[in-house]
Amino acid sequence: KARNGDTRTIHIINAETVRELSNRIIVKDDAAQLKINPTRFRPNIVLEGLEPWKEFEWVGKQIRILKAKSDGDGDDKGV
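According to this note's numbering, the sequence shown is numbered sequentially starting from 1.
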């Protein structure tokens, strides 16, 4: 728990959850699927390799990131 109001919030997106959501959305005009890019939600971190919706089990918990991968171009879009 943070002390003295020193709190940090990070927006984490599970790419598989976004894909699952994208598969459920149908555009009314032509019944086509809408493909949503996870970066549309402007996350700080995009996670790959998790089951869809798994991140909801983490709400209110602390997580530790041991390994991170970046494309290194500085545009904050990840890999």
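No lab work stands behind these hints, which were simulated from the structure alone.
Predicted model only: the values in this text are computed from it and were never measured.
Ideal placement from N, C-alpha and C gives every residue a C-beta, glycine not left out.
A couple of the hints might just be wrong.
Listed next, with one range per pair, are the computed distances between beta-carbon atoms [stated by the list, open to error]:
id, residue 1, residue 2, range
1, Ala68, Arg24, 27 to 33 angstroms
2, Arg19, Val59, 29 to 35 angstroms
3, Ile36, Ser70, 19 to 25 angstroms
4, Lys67, Arg24, 26 to 32 angstroms
5, Leu50, Ser70, 29 to 35 angstroms
6, Ile25, Glu55, 26 to 32 angstroms
7, Val59, Ser22, 18 to 24 angstroms
8, His11, Lys67, 27 to 33 angstroms
9, Leu34, Arg64, 31 to 37 angstroms
10, Arg8, Leu50, 18 to 24 angstroms
11, Leu34, Gly60, 27 to 33 angstroms
12, Arg24, Gln62, 27 to 33 angstroms
13, Glu20, Ile45, 16 to 22 angstroms
14, Leu66, Arg24, 15 to 21 angstroms
Results for each hint:
About 29 angstroms separates the C-beta atoms of alanine 68 and arginine 24, a value consistent with the hinted range of 27 to 33 angstroms. For the hinted restraint 29 to 35 angstroms between arginine 19 and valine 59, the CB-CB distance of approximately 20 angstroms leaves it violated. The given range of 19 to 25 angstroms is respected by isoleucine 36 and serine 70, whose C-beta atoms sit roughly 22 angstroms from each other. Taking the beta carbon of each, lysine 67 and arginine 24 are about 31 angstroms apart, inside 26 to 32 angstroms as hinted.
In this structure the hint that leucine 50 and serine 70 lie 29 to 35 angstroms apart at CB is violated, the actual value being about 18 angstroms. Checked against the hint of 26 to 32 angstroms, the pair isoleucine 25 and glutamate 55 fails, with Cβ atoms roughly 19 angstroms apart. The hinted range of 18 to 24 angstroms is satisfied by valine 59 and serine 22, whose Cβ atoms lie roughly 22 angstroms apart. For histidine 11 and lysine 67, the Cβ-Cβ distance of about 19 angstroms falls outside the hinted range of 27 to 33 angstroms, so the restraint is violated.
Between leucine 34 and arginine 64 the beta carbon distance is about 34 angstroms. The supplied range of 31 to 37 angstroms therefore holds. At about 22 angstroms, the CB distance of arginine 8 to leucine 50 agrees with the hint of 18 to 24 angstroms. Restraint check, leucine 34 to glycine 60: a C-beta distance of roughly 31 angstroms satisfies the suggested window 27 to 33 angstroms. Between arginine 24 and glutamine 62 the Cβ separation comes to about 30 angstroms, which falls inside the hinted range of 27 to 33 angstroms.
Evaluation of the 16 to 22 angstroms hint for glutamate 20 and isoleucine 45 yields a pass: the beta carbon distance comes to about 18 angstroms. A C-beta distance of roughly 32 angstroms is found between leucine 66 and arginine 24, which places it outside the suggested range of 15 to 21 angstroms.
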